[in-house]
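Engineer: Residue strings, one per chain:
There are 4 protein chains.
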Amino acid sequence: MALKTGVQYEESLRKLNLKVYLLGELVSNPVDHPMIRPSMNSVKMTYSLAEDPQHEDLMTATSHLTGQKVNRFCHLHQSTEDLIKKVKMQRLLGQKTGSCFQRCVGMDAINAVDSTTFEMDEKLGTEYHKRFLAFLNMMQEQDLTVDGAMTDPKGDRGLAPSKQADPDMYVHVVEKKPDGIVVRGAKAHQTGAINSHWILVMPTISMQKDDADYAVCFAAPADAEGIFYIYGRQSCDTRKLEGGEIDVGNKQFGGHEALMVFEDVFIPWENVFMCGEHEFSGMLVERFAGYHRQSYGGCKVGVGDVLIGAAALAADYNGAAKASHIKDKLIEMVHLNETLYACGIACSSEGRRTPSGTYLINLLLANVCKQNVTRLPYEIARLAEDIAGGLMVTMASERDLKHPEVGKVIEKYFQGVASVPTEHRMRILRLIENMTLGTAAVGYRTESMHGAGSPQAQRIMISRQGNLEQKKNLAKELAGIR
Amino acid sequence: MALKTGVQYEESLRKLNLKVYLLGELVSNPVDHPMIRPSMNSVKMTYSLAEDPQHEDLMTATSHLTGQKVNRFCHLHQSTEDLIKKVKMQRLLGQKTGSCFQRCVGMDAINAVDSTTFEMDEKLGTEYHKRFLAFLNMMQEQDLTVDGAMTDPKGDRGLAPSKQADPDMYVHVVEKKPDGIVVRGAKAHQTGAINSHWILVMPTISMQKDDADYAVCFAAPADAEGIFYIYGRQSCDTRKLEGGEIDVGNKQFGGHEALMVFEDVFIPWENVFMCGEHEFSGMLVERFAGYHRQSYGGCKVGVGDVLIGAAALAADYNGAAKASHIKDKLIEMVHLNETLYACGIACSSEGRRTPSGTYLINLLLANVCKQNVTRLPYEIARLAEDIAGGLMVTMASERDLKHPEVGKVIEKYFQGVASVPTEHRMRILRLIENMTLGTAAVGYRTESMHGAGSPQAQRIMISRQGNLEQKKNLAKELAGIR
Amino acid sequence: MALKTGVQYEESLRKLNLKVYLLGELVSNPVDHPMIRPSMNSVKMTYSLAEDPQHEDLMTATSHLTGQKVNRFCHLHQSTEDLIKKVKMQRLLGQKTGSCFQRCVGMDAINAVDSTTFEMDEKLGTEYHKRFLAFLNMMQEQDLTVDGAMTDPKGDRGLAPSKQADPDMYVHVVEKKPDGIVVRGAKAHQTGAINSHWILVMPTISMQKDDADYAVCFAAPADAEGIFYIYGRQSCDTRKLEGGEIDVGNKQFGGHEALMVFEDVFIPWENVFMCGEHEFSGMLVERFAGYHRQSYGGCKVGVGDVLIGAAALAADYNGAAKASHIKDKLIEMVHLNETLYACGIACSSEGRRTPSGTYLINLLLANVCKQNVTRLPYEIARLAEDIAGGLMVTMASERDLKHPEVGKVIEKYFQGVASVPTEHRMRILRLIENMTLGTAAVGYRTESMHGAGSPQAQRIMISRQGNLEQKKNLAKELAGIR
Amino acid sequence: MALKTGVQYEESLRKLNLKVYLLGELVSNPVDHPMIRPSMNSVKMTYSLAEDPQHEDLMTATSHLTGQKVNRFCHLHQSTEDLIKKVKMQRLLGQKTGSCFQRCVGMDAINAVDSTTFEMDEKLGTEYHKRFLAFLNMMQEQDLTVDGAMTDPKGDRGLAPSKQADPDMYVHVVEKKPDGIVVRGAKAHQTGAINSHWILVMPTISMQKDDADYAVCFAAPADAEGIFYIYGRQSCDTRKLEGGEIDVGNKQFGGHEALMVFEDVFIPWENVFMCGEHEFSGMLVERFAGYHRQSYGGCKVGVGDVLIGAAALAADYNGAAKASHIKDKLIEMVHLNETLYACGIACSSEGRRTPSGTYLINLLLANVCKQNVTRLPYEIARLAEDIAGGLMVTMASERDLKHPEVGKVIEKYFQGVASVPTEHRMRILRLIENMTLGTAAVGYRTESMHGAGSPQAQRIMISRQGNLEQKKNLAKELAGIR
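Protein chains in written order, with numbering that gives the first Met the number 0: chain C, 0 to 481; chain Z, 0 to 481; chain L, 0 to 481; chain Y, 0 to 481.
No lab work stands behind these hints, which were simulated from the structure alone. In this text, a Cβ means the ideal position worked out from N, Cα and C, and glycines have one as well.
With a straight-line Cα cutoff of 25 Å, these simulated PhoX-like cross-link-like pairs (lysine-lysine) come out:
1) 475(L) - 411(C)
2) 162(Y) - 411(L)
3) 326(L) - 475(C)
4) 401(L) - 475(C)
Calculated from the model, a selection of chain L residues having no Cβ within reach of chain Y, i.e. all distances over 10 Å:
5) 2
6) 9
7) 33
8) 220
9) 475
Take the sequences, apply the hints, and build the full model.
Structural biologist: Structure below.
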């Protein structure tokens, strides 16, 4: 079997023995917990759509290891066409879930680890790539969701890993044994961690010699001994506990992040892909970040499509769709959203083959893509709030709507154009609220800002890749300076 | 007595007999309801600060009716200095509450109704102004909080009030009796309605002849027979029910909006200030909106001060305060915030006396002020999210922090610079979350957009006031076109 | 011969008998006129670079007609790879000239006319495509520069062509003869017209039935009987007449536009490619505009590279290169410039085959590309002016620098860092002035705005292509609206 | 006499014996030189308007020294009302000239020197203030135009004045004599220098002890022995030499900047207002810059009014005035322009009395004002170029229009709406060109950027004045951090 169905994916999660804390309690069954479930549904969509022949071309690929059909999330990009299809798949999933579907981190991690271990082995004579391919083979074979885990808590941002007051602020090797290593620390902001079968841990910054113990990359089952999770709160998260279906905005789908803690976890050597080779930590970070910055040119665009559609519906329901300023704002939203898409496509189209055969995106354009993602979705959201109108944040609750007496008043006074049921108007406004202020805003706004690296991280990369010296020479030539 | 203490204000609210629905239930004691209470605290601050000699100059004024000291919220502006002090008072309250303190709508309403009724009486020989002054005298004497109620539900935005499928989509007179009128309809988005003693209802648009029944302005006790309220949901509203103090972000203060419904409410003539004089509805709307657009150049600036301070603290706690890009972002936030303040001050300084003696702001600059408020707070919020870092939306809950075991893990891994307790960092991030995504974001973002009129409403006013013909003449003169 | 050398191109121009008015005089020898010459040099660069093996891959292509190597400017795009190479070629030429190199309009015109005539013939049974291929064959064989002429003077923008006070405000057929047609009218803003061998005239808007006489597409030699040109003034144009080399900023290169007038010009049928088929005018306009909007994602990016390099040099020469705000502004300039490039690449990569075999760009993304071009170069220019410093616009002239006494004072006081000659600093500031205020600003700013259609034209296309209905369905699905 | 007429001003300039180099030649009669004359006309307007009773209130003031009526440009601000009137006067002059009218630098200089010398004398026991008042008395009595000269050439921006390779990169004292001092150096970018009677020199940065010789402030006649000027080139400057009246855009008015060189100039002690008191150089710079940053909230707004009017006319003449996107762009232009005005008014209204009695603007808001001026005029200009259309930069010359044959063709094809003469359309487009690309663009764009200090200078001041610590305390209070 190389492709799980959605149902099989859900069942496979039930078999895991994850230790998850949420709102101060240990969760016995994460899959069915109403706050977690919508995020699981989003990941599940990455399996379900792959079953659909209509989406086969985007959702699946042919494994370069086995020649078998695999889910594209388990695939190493073999061409720029693969890179482009990745972005299109992400846009599709953003459209279908209106949320973060979480599985990208694993895909981006395997592509980065592949080429980095290959080049590290070439240079240092290590044999990490072989181990990695064995892991990849299992991942493809079992169609696993893998959490690519990079971001450490970091403590004081002004200090290196080994200089922190607490040595555990970055994941590090605390013991090397004949059969493996023992690691300690934590990974923060772990997207989709609770919905993953395995985790693939990478260092979070370019390490120096003193930080060699922190230059560690490995894979582990998500429920390995010593690993546990603390679920992150999101804006409006407990609306999912209220049992209704309107006020949540997007009843079926969502995303999540968690803190993942390693309390002296044992990792056998076969699952270790870097251990002390600090000089390759930078390459790994740069490539993972590069792939992930490309990703945002797909997924956030798909979510943006939903938000634009919702705003257009709100205008229809308000009876304002023909106003020229409304039409112009919708055009602007499309323009900004497609600008992000253009960046996602361009960094893919301009990708290049690395020595391992895996294709890497154009790093400059991928960073430009993400930098735009830290800005344009905020403006798209602002315009959506403009079109939606104030009712979005002053509207009565679903329970009021269902109330035998009050409900009639709400039906009457929250009516927009006469032909549209008040409930539809409420639903669409709650969806916009969800995406601009609520649980999905976490993904569409704050994670557009910080996911795959905060804005300044992209600026540093743009500075490095921008080739100012060549540009100076062009100017000198034309100015007649010799 | 012309000044209530904060305590007296709270007690006076308890004596009201308001009918309030919230989350599908009738609330027995709004003052102490944990979801409503913080908004009451914000209004209470307008009384408490007036008791403080340090703030007396801003918070109080001398009544032009009685010569007594009154709360500035009950005062008619007698000079441009008064207009400027209004803005400064609002900035102060924004700083103290980090929220919408709600009482401005009443202040802006009395100032607009005063000059409009005066000029209407002059032109039409009516006697509304005298009635209005009697109401104002009571308001000042009892230091009342008044809800200036303007916005109707509006139904289909493309249709006039009298052309709506349901005639009640705008408040209107359904019967005229010898002793008063009977009104029906609703007012939406009513800021602070549940914390008000009286309501002062105004028409929401410039009416034509066919809509004369909708051109109605009157005052009524907030608990008059036939009036009831449906409380509006806010992002993260139920965190206030959780009993903690960190996750709410701002435990003490908040704002609220509600739908206010009039089921055939009787208004005695002495409280009616317009009834059918549709040709003056536009003036009343324009002036109320003008004053309220000025207000945003004060209150939102004060809230912005808090958000800038919170972002600066987050940078300190992250150990990132010295990074040049962080410093630059804080400068940008200050710059944008002070730009709004400059607009608030300028439209006040350029105010002018109306025939009744009450001062009106400069309408062009007040609209420019509000138009900027529909944009700049969004950018300030974006920059705050940038500086805060992703932890703001992935952080574990207060309950986790209080958990005997998990709490230690959180203390350890959410630590920033070693000298700052993790709890402090969590508190400041939750405050930023509150202001950018949570309950206060409703006030800082969406209401910055739509409060006092949506962006397009300001653009129409800017178009009207911009005097393009004079500008064309300037250009012709210089271009030598005669 | 299928490739002219630069020298051959220049010689071929001399053989033309163009009638050109410039500053009120008939120009006897346009090629050597100091105001025109730099624009000729820019076009010449499209020939010279094609001679250079280093640039052969971008600058040339294999004709699908003859299999011969032709200049890419004469080529019909046979793949998305061709579309991408087009953009890269344009960026290269922008870098080499810092100017508009003018030859793109012809390339974009032949690609649009090819597919449109093919589809028109298929539908209407006409035989325009065959004629067009004959023309194309000659163009490739002789390596011609062709002016793709679209924009009519348009008169009153509110009126259709046939409703104008003067019927000649759009080019139209005034007579049909057995052997050809007679046309009258003018084409405005004709980029590179004086440097072209032939012109390829297209209608400028989608025509209705009443405007059938205006739906005309044809080719003519640039010096055909009845055609003449009036040269357009540019900011700082006469600096080129001063004889110096510093104050012009970019001594060697430039661009130009001209009004091209048709005084009853006879066109034999073999050169007519549309005559009355108004229903295909829209397609032709849309495709030409689409190709040309793509073009700007290449050429303006190349010019932007020069401007960024010049700003970076100015910072070096001022001794300010290490200031963090300077570094950040350069990063922002690169970011914005690469965003344009990403759009140029993306609309190419997402191109598609048309029935004639010629590839068309993705129209939505090409319009998004151009829309960004109407904004981002302005911000890049603003940042360049920021970095350059005020000296750029207050600096003494080249003649002062060359003055025996004053020159020493200028050397002394306009010195920046001690190691850089004052003249170098002056040269680089004049280059920035040239690109932000001078002759090249016409290309980098105003033509970024209006070339290939004014901003609103792109917004209309984005509106048409944005597929709002599909987006609404996505939102309905997630909001649970059925 | 305390008020000169415009004619008297012009005559008084003729009596000066200025040494001015322009385009490599010594100018014998600057007043009548066609490149300089328009800038003289702009300054002359500050005299002519003061003669007009309609503008008396803004243009004149009552001297606090003599009680006589003086031109406001010679006045020390005695109240916030004076500060506001200053801004309004500047807007008026910007409207009347569409240019920089140059006289502000002197007004801003005297106000800064007044309060600084007063406070310096108080602290150090010096007697500069008395000397300064004598100078001021003469200035008011003779209604002089004074060039407030601050900016030095600065050489390497990374080095202090005394550390420069050439010690003359900042103006400094080279000799102290019993009767006065000898100074050497230059002042760059001197606005209106050639149109001034006297110059008032100030240091350009906060000096340290080592730079004490550079902490020098003094007044001198503009034609003092040893002073000479080198005129700065502007974009399109030589169009003023062509003799026409259309292509210059704004025939009558302009501005200029020059390099002012001091070759060992002797200054008697009575005209020395600071000499070595380096600890007061910072205050003087900060206050002059503050006043001058306020100024831009007036003058640039007036110029903006002209540009908006010109764009509106262009739309009328193009037949596009009713298009909703055109109307919206004009609204945006007004909005941005009035935002600048609001900042100018606000920093004035919030001014405060200094110990000398002279009123100082609010420094934070003045810096916010100028920071906005470095941005918003660029967007206003961009929108003007959008509305104007491409013809602005491709239009034939005035000589072509006057040509007996070609002129008819131009009349025909450059016609917009039929009711407007083509020449009018050409005039208005040339005016827009003048303001966005030509001589006036130097003032409206680049000097908006760098005049009164480059953008980063304002950011440093905003950082200092922004009071982050107070803001942090507000946030701590609300977050419950003690």
